[in-house]
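**Student:** Sequences and hints are given; from them, build the entire structure.
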Amino acid sequence: ETLPAKVYLNEIEGKFLDMQSSVFGEYGKVLSNDFNRKENEYWVAVDWGAGGGNDDTAIVVMNGLKQMVRLRYFNDLNTLEGVKEVVDIIKQYRPKAITVEINSLGQPNYDLLRAELNKAGIRTSITKFVTTNESKRKIIESLALAIEKQEVQLLNEPKLSLEFATYELESTKTGKITYNASTGNHDDIVMATAICLDSMTRANY
Numbered sequence: 008e009t010l011p012a013k014v015y016l017n018e019i020e021g022k023f024l025d026m027q028s029s030v031f032g033e034y035g036k037v038l039s040n041d042f043n044r045k046e047n048e049y050w051v052a053v054d055w056g057a058g059g060g061n062d063d064t065a066i067v068v069m070n071g072l073k074q075m076v077r078l079r080y081f082n083d084l085n086t087l088e089g090v091k092e093v094v095d096i097i098k099q100y101r102p103k104a105i106t107v108e109i110n111s112l113g114q115p116n117y118d119l120l121r122a123e124l125n126k127a128g129i130r131t132s133i134t135k136f137v138t139t140n141e142s143k144r145k146i147i148e149s150l151a152l153a154i155e156k157q158e159v160q161l162l163n164e165p166k167l168s169l170e171f172a173t174y175e176l177e178s179t180k181t182g183k184i185t186y187n188a189s190t191g192n193h194d195d196i197v198m199a200t201a202i203c204l205d206s207m208t209r210a211n212y
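Numbering (my numbering), first residue to last: 8 to 212.
Keep in mind that the hints were calculated from the coordinates and are not lab data. Being a predicted model, the structure only gives us computed values, none of them experimental. You may find that some hints are simply not true.
[Stated by the list, open to error] Keeping only pairs whose Cα atoms sit at most 30 Å apart, straight-line, the calculated DSS-like set for lysine-lysine is: (1) Lys103 to Lys73; (2) Lys91 to Lys73; (3) Lys135 to Lys73.
**Tutor:** Okay, here's the thing in structure tokens:
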């Protein structure tokens, strides 16, 4: 009950998994654009993109029922424009918690976000999320389990669906499991979703 089915089969029962395998199973069952609009507690997570190509900055907003209520992604804004986009969403939802990924460009973006929030008169804490193999595995497996148990609801949006459909689990010969977007695809929305859900879990919500 604490592991996604595919991970349980591999690590507990010792059953062989293909080198590349779907992670989120029947995720379509949790896709819906019909969420509780009376729920007014929100969590926000940001996975910063490099600002070019198909690498997106992804912003996810979830309500207290673990329903995704807003998804925003872009790769055509400069750094300041992107940060101001995050600030606008924070102004709209006034979240209980904001969590941002700080790998690579994440740290300077975090610093700029804090400065822009202060400038806007918004006093709120921002939690940093550092992506490592272990931290990534933890939040992805928690998201996969929540989807499996239908404890989370995601927006029915084509780009989101593509990322979840093409996300892969790799089991090495030594039994180590890693998670990544498949070749030619991206995982910006997947990561922002997983970080957002993790922030709610850590708040013991």
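**Student:** Is it true that the CA of Lys135 sits at most 30 Å from the CA of Lys73?
**Tutor:** With Cα atoms ~20 Å apart, Lys135 and Lys73 stay inside 30 Å; holds.
**Student:** Sort out whether Lys73 lies within 30 Å of Lys103, counting only the CA atoms.
**Tutor:** 13 Å, holds
**Student:** Check the hint pairing Lys91 with Lys73 against an upper bound of 30 Å on the C-alpha distance.
**Tutor:** 25 Å, holds
Hint violations for this structure: none, all hints satisfied.
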